[in-house]
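With the sequences and hints as input, model every part of the structure.
Protein sequence lines correspond, in order, to chains D and V. Residues 0 to 269 in numbering that gives the first Met the number 0 are what the first sequence spells out, letter by letter. Residues 0 to 237 in numbering that gives the first Met the number 0 are what the second sequence spells out, letter by letter.
Take these hints with a grain of salt, some might be off.
Label-pair restraints from in silico Cβ distances [claimed, not checked]:
no., chain 1, residue 1, chain 2, residue 2, range
1, V, 153, D, 41, 50 to 60 angstroms
2, V, 134, D, 161, 47 to 57 angstroms
3, V, 134, D, 188, 36 to 46 angstroms
4, V, 146, D, 195, 14 to 24 angstroms
5, D, 0, V, 153, 57 to 67 angstroms
6, V, 153, D, 68, 45 to 55 angstroms
7, D, 161, V, 129, 24 to 34 angstroms
8, D, 169, V, 25, 51 to 61 angstroms
9, D, 169, V, 209, 35 to 45 angstroms
10, V, 129, D, 171, 54 to 64 angstroms
11, D, 216, V, 183, 54 to 64 angstroms
If you're looking for bench data, these hints aren't it; they were derived computationally from the structure. Owing to the predicted nature of the structure, the values given are computational and were not obtained by experimental measurement. Each residue gets a CB set at the ideal place from its N, CA and C atoms; glycine is no exception.
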Amino acid sequence: MATVIVVTSGKGGVGKTTTSASFATGLAQRGYRTVVIDFDVGLRNLDLIMGCERRVVYDFVNVINNEANLNQSLIRDKRVENLYILPASQTRDKDALTKEGVERILTELKQGFDYIVCDSPAGIERGALMALYFADEALVVTNPEVSSVRDSDRILGILASRSRRAEQGENPVKEHLVLARYAPERADRGDMLSVDDVLEILGIPLLGVIPESSTVLQSSNAGVPVILEDSSEAGAAYNDLVDRFLGKALPHRFTSIQKKGFLKRLFGGG
Amino acid sequence: MLLRSPHLASEETPPFELKGSLFTLTVLHLFQMDRAAIERHLVEKVKQAPSFFNNTPVVIDLEEMTDSPEGLDFNGLYELLRTHGMVPVGMRNGTPIQQAAARLAGLPALPESRANGGAKKPDKTEPASHSRIVNHPVRSGQQIYAPEGDLIVLGAVSAGAEVIADGNIHIYGVLRGRALAGVRGDAETRIFCQSLEAELVSIAGHYRISEQFDSADRGKAAQIHLMENRLVIEHLTR
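As structure tokens, this is what we get:
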């Protein structure tokens with residue numbers, strides 16, 4: 000049975016789409032048949048970050064409206080086997096998402112996939128609610144900053160009260176925290192919340208800490224999920240995150256200040 | 000209206016208010032109406048515990064009277080008890096004639112005690128209390144109300160969350176949001192939390208916002224209650 004995972008945050012710009020792209024890619028790399036769905040109807044971004052924007056013919060809304068079938072709209076990733084992308088529509092808005100339509104598509108996808116990753120839009124309106132409604136598990140992406148943490152807290156409340164699992168009184172949605180754009184030296188100076196501060200407020204298990212890194216920006220502009228940049232800290236952090244999600248016990252990295260070695264100082268790097 | 004500004008309160012408040020309340024009272028079980036015997040026994044009792052007999056209110060119970068003269072001298076009994084430091088405030092379990100005599104002496108008849116009076120046993124289907132127990136954290140944007148009773152939260156109350164009760168509020172976690180107890184006006188209600196970092200606390204409409212907290216109270220286990228219409232924050236210490 001396929002698992003539906005929503006990547007959500009409440010606040011915009013914290014790294015949901017970056018996380019969705021890398022997480023889905025990581026699952027597929029490890030041999031799981033994975034599809035990642037862009038729920039941000041009207042503000043389509045996932046295809047850019049996955050580098051498949053030129054291959055979009057039909058989209059999520061076309062399938063909901065029965066204007067195309069799933070096989071026509073799923074885009075197969077060229078780099079990683081077992082990975083598919085269902086892009087959002089850029090010309091429509093979130094009202095195009097209906098509970099019945101989304102449920103029908105998810106049910107169909109469950110036949111052929113192990114993991115269905117739902118990339119949620121920001122906010123707590125229809126798009127975000129539809130993305131999380133059918134979720135079994137949730138990656139809540141937060142930045143070490145008070146407003147982001149507050150919004151994540153709000154989303155956790157919605158997951159606990161308005162998801163299908165909550166409404167039907169089943170086991171609650173399993174929650175995971177992803178702390179993105181973390182800079183240990185700034186947390187140490189008190190400019191940012193620390194890992195412990197965030198964990199104390201949100202009180203859910205930490206799945207991964209993604210360090211602030213210029214590689215994230217470069218790779219998203221290049222249309223390559225950052226997890227494929229093995230040598231970068233952010234890529235390594237996402238690889239750890241996927242392994243932890245699949246049950247490996249790995250210590251958290253990039254949470255404390257790294258002393259830069261002589262060569263690193265000489266040649267830079269990050 | 001959940002909140003009432005303290006300034007407005009003084010202008011709108013009527014001169015008095017009637018409210019029910021429960022008291023623990025001493026009951027004097029009278030066995031026989033023998034003044035001399037009563038007085039002897041009283042003197043002895045007072046000698047044993049002088050501090051107890053200091054205008055102590057008592058209720059006279061006639062249930063176990065061995066001889067039951069209809070014309071009990073309540074005025075005499077009243078004087079006798081007063082002189083030994085007791086203030087009779089009522090009587091119970093007498094015959095209708097005894098009750099009438101007591102009323103003439105200024106002693107109202109109180110309802111019979113539950114143990115003997117064949118009082119109704121509590122209905123088994125009726126819940127023991129109206130407490131509402133929430134066994135998950137209350138997140139930002141959520142509002143939880145416990146009508147007609149206490150609210151018990153097993154977990155934190157986040158900033159931007161609101162917990163409301165007609166009764167007391169107990170939070171086994173950090174209180175970062177708003178907590179409003181006694182919203183129907185019960186000034187006896189209290190708020191308890193393991194760490195006080197609230198945005199606002201309110202009891203029966205008297206509120207205080209985060210900015211007005213003493214920094215010494217912040218982050219402490221605390222109880223909040225009303226004392227003479229003022230909110231008091233007390234640390235809970237073990």
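Self-check item: Beta-carbon spacing of residue 134 (chain V) to residue 188 (chain D) - inside the hinted bounds 36 to 46 angstroms or not
Solution: About 38 angstroms separates the Cβ atoms of residue 134 (chain V) and residue 188 (chain D), which means 36 to 46 angstroms holds.
Quiz prompt | Range agreement (Cβ of residue 41 (chain D) with Cβ of residue 153 (chain V), hint 50 to 60 angstroms) | solution = About 41 angstroms separates the Cβ atoms of residue 153 (chain V) and residue 41 (chain D), which means 50 to 60 angstroms is violated.
Exercise. For the range 57 to 67 angstroms, tell me whether the beta carbons of residue 0 (chain D) and residue 153 (chain V) fit it or not.
Key: violated, 32 angstroms
Quiz item: Taking 54 to 64 angstroms as the hint, is the beta-carbon distance of residue 216 (chain D) and residue 183 (chain V) inside that range?
Solution: At 55 angstroms between Cβs, range holds.
Quiz item: Is the gap between the beta carbons of residue 169 (chain D) and residue 209 (chain V) within 35 to 45 angstroms?
Solution: holds, 37 angstroms
Practice problem: Starting from the range 51 to 61 angstroms, see whether the pair residue 169 (chain D) and residue 25 (chain V) falls in it by beta-carbon distance. | Solution: Given a distance of about 57 angstroms, which is inside 51 to 61 angstroms, the answer is holds.
Quiz prompt | Supplied distance hint 47 to 57 angstroms, evaluated on CB atoms of residue 134 (chain V) and residue 161 (chain D) | solution = violated, 18 angstroms
Quiz item: Taking the beta carbons of residue 153 (chain V) and residue 68 (chain D), is their distance inside 45 to 55 angstroms?
Solution: holds, 48 angstroms
Quiz item: Between residue 146 (chain V) and residue 195 (chain D), does the C-beta distance stay in 14 to 24 angstroms?
Solution: violated, 38 angstroms
Self-check item: 54 to 64 angstroms as the expected CB spacing between residue 171 (chain D) and residue 129 (chain V), which holds or is violated
Solution: Taking Cβ atoms as reference, residue 129 (chain V) and residue 171 (chain D) lie about 26 angstroms apart, which means the hint is violated.
Quiz item: Is it true that residue 161 (chain D) and residue 129 (chain V) lie within 24 to 34 angstroms of each other by Cβ?
Solution: holds, 26 angstroms
Hints 1, 2, 4, 5, 10, counting from the list given before, are not met by this structure.
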